[in-house]
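Participant: What follows is each chain in one-letter form.
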Amino acid sequence: MTSPDPQASSPARSGGRRWVYFLPLAVLAGLTGLFLFGLGNDPRLLPSQLINRPLPEFALEAPPGRDRPLTSEVLKGDVSLVNIFGSWCVACLQEHPVLRQIAAEGVVRIHGIDWREKNPADGMAWLRRHGDPYDAVGQDPDSKLAIDLGVTGAPETFVVDAQGVVRYKHVGPITQQDWTEKLKPLIADLRKAAQ
Amino acid sequence: MIRRLFAIAALAWLLAPGAALAVLPDEQLADPALEGRARTLSQGLRCVVCQSENIDESNAELARDMRIRLRELLVAGKSDDEAVGYMVERYGDYVLMKPPFKATTLALWLGPFALLLVGALGIGLYYRRRGPIGAESAPAALSAAERQRLDHLLADDEPPTPPGDREAGR
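Order-wise, the sequence lines are chains F and D.
Going by this note's numbering, the residue at position 176 of the first sequence is 176; the numbering climbs one at a time, nothing skipped.
Here this note's numbering runs 195 ahead of the position in the second sequence, where the first position is 1.
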């Protein structure tokens, strides 16, 4: 009874600020949207820092049984795929038939980085067993080049243009669909742009 | 009790070396100052294969290779910032356990404080509208009839607590 003003002013105030009650709902809706969006993102797909930058200079030794080393010079002149693989890598075995088919099509050179073999001969033994789609193969036993390329796992494949600039990175095994719908058209585009 | 203490001690003994296992003796630097810097820096770098571990704790092979590379950079005379920058240049900000403060991470850094502010504002608004605490909730004074009825009840009726309860209570 002593202070009548709160009662007197509150209806007018609450009438004007009714929307305040919907604020928590709006925040919840916003967060739900954000989380749903995040759910669709694969946390393993890190965007490569190398896109549109030249591959760092490197010179990898060829594995035993191969005579051509893999260097940054080998890559220049035409578009090529640079594929990171290892005989220990299960997903690489899954990808392998697609790489062999790409090599058989003869559309693009594929270079292999034989990554972190326990025994230097393991990679070549693996290629003898499953077929060899590679133009040149270099060995990277202690991740020297892999870290330089920002590699997080095998297989990973870089599409490198004729100047040695990285144009695309594919994380995980290349599927038949990836090849026909993404990589092959991209290679054609890069060749067209170079002319 | 003694047995339980013994079990806890045994468990602690088992777990303690586990935490330091990731960094193997062969990758450690002879110079303790450099090695210390390497340890500190690698605790701030994320293992890019395991995602929630830093490379100092991770047993992943790539984490080991990254630790070795980090030490090579320090031995080559690179500063802490240069060594960390080397990894960021290759793996992006993602490789940092603590995200950097910049335009794209503003919401991440300031979001919680903004939410706290909104919450505090809401509470403030609520109490301002209700008026001073107790203004509305204080009971009105008794009317004459109520007062009379209360006096009547207090005078004539039995005490509010039964005697039995009082015995038990005291």
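Check before you lean on any hint, since a few could be wrong.
To be verified - List of simulated lysine to aspartate or glutamate pairs, EDC-like, C-alpha gap at most 16 Å:
1) F/K118 - D/D260
2) F/K192 - F/D122
3) D/K293 - D/E267
4) F/K118 - F/D148
5) F/K144 - D/E284
6) F/K144 - D/E267
Stated by the list, open to error - According to the in silico footprint, chain F covers these stretches of chain D (three or more CB under 8 Å from chain F):
7) 265-276
8) 283-294
Hints in this document: simulated from the structure, not taken from any laboratory.
Even glycine gets a Cβ: it sits at the ideal position worked out from N, Cα and C.
Participant: Are there hints from earlier that the structure breaks, and if so, what are their numbers?
Facilitator: Hints 2, 3, 4, 7 not satisfied by this model.
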